[in-house]
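Trainee: Listed here are the chains, written in short residue letters.
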Amino acid sequence: MNDASDNIADNGGCILTASRLDKSFGRGAARVHVLRGLDLTVRRGEFLAVMGPSGCGKSTLLHVLGLMTPPDAGAIYVDGQEVTPGERQRNMLRRKVFGFVFQRFNLLGALSAADNVSISLRVRGAKPDGYVDELFDTMGVADVAARKPSEMSIGQQQRVAVVRALAHRPAIVLADEPTGNLDSANARALLGLFRQINRDNGQTVVMITHSPEAAAAADRAVHMKDGRIVDQHV
Amino acid sequence: MVPLPLANILQHKLRSLLTAAGIAVAVCMLITLSGLARGSLYEIADRWDSVDADLMLLPRGLRSDSATISGSQLPDRLAEIILQEHGDMIEHVVPVFLWQVPMAGQDHVAAGVAPGQWHVLSGEAEVTNGRLFDPDGNFAEWIDERLLGPGGNGKLLDLSPAQLGHPDHNGLELVIDSRLAGAGGYRLGQVIRMVEHDWTIVGIVPAGGMTRIYMPRRTAQYLAGGNILRSTLMFIKLRPGVELGPAARAIAESTRADAVPLADHRGQLAAKFQMMFVYVDLVNVIAMGIAFLFIMVMLYAMVLERTRDIAILKANGASAGFLLRQVVGESMILTAIGTAAGIALSFVAAWLVEVFRPLLTVQITGQWIATAVGIAAVGAVASAIYPAWRATRVDMVEALTLE
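First to last, the sequence lines map onto chains A and B. In terms of this note's numbering, the first sequence is residues 1 to 234. In terms of this note's numbering, the second sequence is residues 1001 to 1403.
Don't take every hint at face value.
Label-pair restraints from in silico Cβ distances [unchecked claim]: (1) 146(A) / 1347(B): 33 to 43 Å; (2) 1320(B) / 196(A): 29 to 39 Å; (3) 1321(B) / 180(A): 27 to 37 Å; (4) 146(A) / 1305(B): 38 to 48 Å; (5) 1360(B) / 126(A): 56 to 66 Å; (6) 126(A) / 1357(B): 54 to 64 Å; (7) 1289(B) / 137(A): 24 to 34 Å.
Partial selection, computed: residues in chain A whose CB lies under 10 Å from chain B [said to hold, decoys possible]: (8) 27; (9) 36; (10) 60; (11) 68; (12) 91; (13) 92; (14) 94; (15) 182.
By construction, these hints were calculated from the structure, which means they are not laboratory data. Glycine is no exception: its CB is placed at the ideal position from the N, C-alpha and C atoms.
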């Protein structure tokens, strides 16, 4: 099995850096400034929780860090390399470096659980291997691999989404409220898995959460307010 | 794994089915209409090709396709002149009077020909069911005596139907081909009313000869009301080894008529119906265009409906090329299904045409099937381009955050 570090070179312990990020939506009077000069550094192998009230910009930060949308101003560094605005490099980094877990799971409804994972790998030019089977087993969803999302429970869908996010061994896992739709038992299991991959594989996890219990699983938690990091604790 | 385009199609079975059905109808139209237009025409051309002749003698400037409705133009005596002057290179000359008559609900070109020369027009077919009209030549002898005998001047006569259809010299006899007999439900010995006379069907011949209806030439000439001693055209058979070009020129010169190769008829016929082909092809283009607009709208709706799925793929790093392949792939699968169904449907349509309109011919050729497949393939890609482009423009954040 490859290590997550295969996907990214060593860079002095700092894997993801955001510098003076600005991001706003809308125009004119309706313009909303979501990120305001935000700075954030994520260390390699860190499990970071990002907390804050609704509307403080947590999800937008995750989208910007995950290169799904460019910032209006500021810079993002992945492994010390500044990310350029060009879609080609951003696409490549999304493919190779990041794995996403969304709050609403976002599985493709037309495909089975196994095919959801397979297409995610295909996009990345890879094929399912033993590691994927291992993940299905670890997440306890091997028995629903042939089912479509509509035939699975909420908890099963979220666990399949996690398998999809981890299948290509990303160096950085970005998770947006991953436990938000789960019962406490499933939430604990998911956090345990994040902890495990973080510890065993050295994969970096950045998790948006409202939940202090979820944040407690992380190495460090930062708090956002009005588009900035205002506090952190280890 | 199940390819995503196929999975998406299976996810929306009814919509996919309707889209494929739209393509199937367009492909079926393309193959069937083209096959019908060209098939019916080429069937006529094939029948003319079966005539045992090398040249057609036509009034100067008249084309063979127009001659079919032009009545009498050439003096019958030209046949004798040709034989007298060019007997060394001519095997036979057959004057034919063409006349449009209604049978089985539509107009047909009937060939009026001397009974002794009928075999030249029949495409080697024999009358296996019944007999030839005027088999003993009694009618020809009877009418020629009145026309050309003492007191006859060729401008005859006022013959009653009873005289024309007299049992001893019956000129109101028909031989029809098997296809017309099948289409009209005609049987041997049946008396039918046509152009105000009662005709007896005395023979049924296998289809494939020059026309579907044959009758005594003199009867056709007389009833058509023209000059009874003139024919529409003459078929000329050259002796073996005689060169076509010089013979045609020599005959044309001596007759002051056009002597054209029989083989030219097909081209003249096709040229005459060129506009019909243009019309049919235009209809086909419109039908295919509508079908592919239908696909484009469907794919576009699919892109709008699946912005979240597309955003997920993009979030996973899917390139524009990957997304384009998914949309084009879906279009290609739908088109392939629709095209295959359309080809099958065109054979069904051809069969239905043959059953319900047996006088029409639908000629389904490999060329037109290949054309339909080619147009469908190009259309599938073309109609997917805009929806695919829209797919690449999906805003990931917007699509993933609008819960």
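Trainee: Please go over all the hints and tell whether each is borne out by the structure.
Mentor: Right, here's what the structure says about each hint:
1. 146(A) / 1347(B): 33 to 43 Å: 39 Å, holds
2. 1320(B) / 196(A): 29 to 39 Å: For residue 1320(B) and residue 196(A) the Cβ distance comes to about 36 Å; the hint holds.
3. 1321(B) / 180(A): 27 to 37 Å: 34 Å, holds
4. 146(A) / 1305(B): 38 to 48 Å: Between residue 146(A) and residue 1305(B), where Cβ atoms are some 25 Å apart, the hint is violated.
5. 1360(B) / 126(A): 56 to 66 Å: 58 Å, holds
6. 126(A) / 1357(B): 54 to 64 Å: Holds - the Cβ-Cβ distance for residue 126(A) and residue 1357(B), about 60 Å, lies within 54 to 64 Å.
7. 1289(B) / 137(A): 24 to 34 Å: The hinted range 24 to 34 Å is violated for residue 1289(B) and residue 137(A), with Cβ atoms some 53 Å apart.
8. 27: Because about 15 Å separates residue 27(A) from the closest Cβ in chain B, which is outside the 10 Å limit, the hint is violated.
9. 36: 18 Å, violated
10. 60: Where the cut-off is 10 Å and the nearest Cβ of chain B is about 8 Å from residue 60(A), the hint holds.
11. 68: This interface hint holds because 4 Å falls under the 10 Å limit.
12. 91: Holds, about 5 Å.
13. 92: 7 Å, holds
14. 94: Nearest chain B Cβ about 4 Å off; hint holds.
15. 182: The hint is violated - residue 182(A) has no Cβ within 10 Å of chain B, the shortest such distance being about 16 Å.
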